[in-house]
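Chain by chain, the residues:
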Amino acid sequence: MAFQILLNIFLAFIWMFLKAAYDPMTFFVGYFFGLLILFTFRRFFNSRFYLFRIVAVIKLFFIFIRELILSNIAVLKVILKPKLDMKPGIFAMPTELKKDWEITILANLITLTPGTLVIDISPDNKTLYIHAMDIEDAEDAINSIKNSFEKAIMEVSR
Amino acid sequence: MKSNDIILQTITKVTLFVIILFSIHLFFAGHYYPGGGFIGGLMTSGAIVLLLLAYDLKTVAKILPVDFKIVAAVGLLFAVGTGAGSLLFNVPFLTHAFGDMNIPLLGETSLHTATLFDLGVYLVVIGVTMTIIQTIGESE
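Protein sequence lines correspond, in order, to chains A and B. In this text, residue positions in the first sequence follow the working numbering: the first is 223, and each later residue adds one. In this text, residue positions in the second sequence follow the working numbering: the first is 135, and each later residue adds one.
Simulated from the structure, these hints should not be mistaken for laboratory data. Hints should not be assumed to be uniformly reliable.
To be verified - Derived pair list, reagent style SDA-like, types lysine to any residue, alpha-carbon separation capped at 20 Å:
hint: 1; chain 1: B; residue 1: Lys-147; chain 2: A; residue 2: Thr-262
hint: 2; chain 1: B; residue 1: Lys-147; chain 2: A; residue 2: Leu-228
hint: 3; chain 1: B; residue 1: Lys-147; chain 2: A; residue 2: Leu-258
hint: 4; chain 1: B; residue 1: Lys-196; chain 2: A; residue 2: Phe-261
hint: 5; chain 1: A; residue 1: Lys-320; chain 2: A; residue 2: Ile-343
hint: 6; chain 1: A; residue 1: Lys-241; chain 2: B; residue 2: Lys-147
hint: 7; chain 1: B; residue 1: Lys-147; chain 2: A; residue 2: Phe-271
It should be emphasised that the depicted structure is a prediction, and the values quoted were computed from it without experimental measurement.
Bound conformation, chain B alone (with noise of 0.2 Å):
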């Protein structure tokens, strides 16, 4: 019996970005307050997951067409990336640099690299998780 998921997948459509949002509101908190970007991928996934939950496999294949064990390549092309910048200032690996920067629209703002290295993270995050749900969903 088929049911009609209607109000599930009306819901999906707010919430969905709702959750991404606070996702992302953590990853960036990481710094000064709880989060980071373990969290923030994890609950970005989850929030993959609720629209597998609400859809099949098939359509968010074709809502989000990534393969996310690129996208966990690409997290730890980040991360060792940003540790092996460092190796290019004569200091040793995975030594972070920040600095305050102007940037238009957001005025002065601080930027540490250790963020790209928590883009990694979160990008590994979101691959793993997403690759273990959706290889196991697909097996019969």
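Looking at chain A on its own, in the form it has when it is part of the complex (with noise of 0.2 Å):
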């Protein structure tokens, strides 16, 4: 990804030198062209089109931001309702994540998301110890909650 991304900005630079105008604009025009040839010879990295990382990157962020709005109405449901009839309680969530960064990111979007909060993760880095506010019903819908953030971090560390 990153020698994509040298790539490019070195291509926008030769465009600069080749039209002989050193102004923003030219650096983008470069930049655009060079993005353009870097799509068409896609396939030609082992990493994928790094474009599409980035787009990862931004769908992962509103994933986040939705789920943190949606939570934080669940929460205010349980404040306001008068009778206390949760169950909290704390369980294992196995993780594919390998990278040390991925597995922070998931720990801090899973604790930014009010409900469930990481407490430990376990030495081979395989499982993380969630204390969820409300297990009984919400186990499966966590879980569920889980994959969809996996898989968008996946979406971009691939």
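With the hints as a guide, dock the two chains, each given alone in a separate frame, to form the complex.
See below:
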């Protein structure tokens, strides 16, 4: 990914030298043409075309915003309920993510969306221990949310 | 004996894109400076030939899954289309038009339909050259 971005910036500079015009506009035009060329030859690289990955990052961001709003509303409902009938609990979630930063982002996303909280991560980085505010009706739903987060993170790092 | 082409392949990975960028520069320079669709297309196919030299036909077919005969056909369609487009405005065949347009990001740019004709030439040149080279390369 870094190689592709570096190559694209390099191509933009070559475009500026070819045009003998050193303004930001020429840089952007050169960057655009570099992007087109890189897209045409995207199968040439070992990793994916890097713009797909940037799209995946933006998608992850919007998934996070959506989950944040939805689960805050869910917590609001729990708070405003007259009866306190929720059942808190801790459960383990196996994760397929390997790299350190992926696990960190997943844990932060789980913690920032209310209702769940990451307490600990097993030493071999394979299991996340999560405290859930309402475990009985939520475990399946939460696991599906985890899958969406985990999938979105995998989409970024693939 | 199979030799290790790692240096050639690594250099190709960067040089290829510089050559294609230069060919695009030549293509757009055509109106005011030396250049144009023919030399631009020839240089683009030169870059693909470099790819063919560094790798093999199968790899290139995987990287660029394009039928170059279709590229040539699309190029001809562009050229004929710009020519025939002038008939819609009650002017003779191949009459070109140009105008200044305000494109976001680029600012005031003058657009000329001759560029579309040139794009046709560009695609035909790539298509024909690559078809010739690939056909010769594939025959035993």
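Now the hints, each set against the structure:
1. B:Lys-147 - A:Thr-262: holds (13 Å)
2. B:Lys-147 - A:Leu-228: holds (13 Å)
3. B:Lys-147 - A:Leu-258: holds (16 Å)
4. B:Lys-196 - A:Phe-261: holds (14 Å)
5. A:Lys-320 - A:Ile-343: Cα-Cα ~13 Å, so holds.
6. A:Lys-241 - B:Lys-147: violated (23 Å)
7. B:Lys-147 - A:Phe-271: Holds, at about 14 Å.
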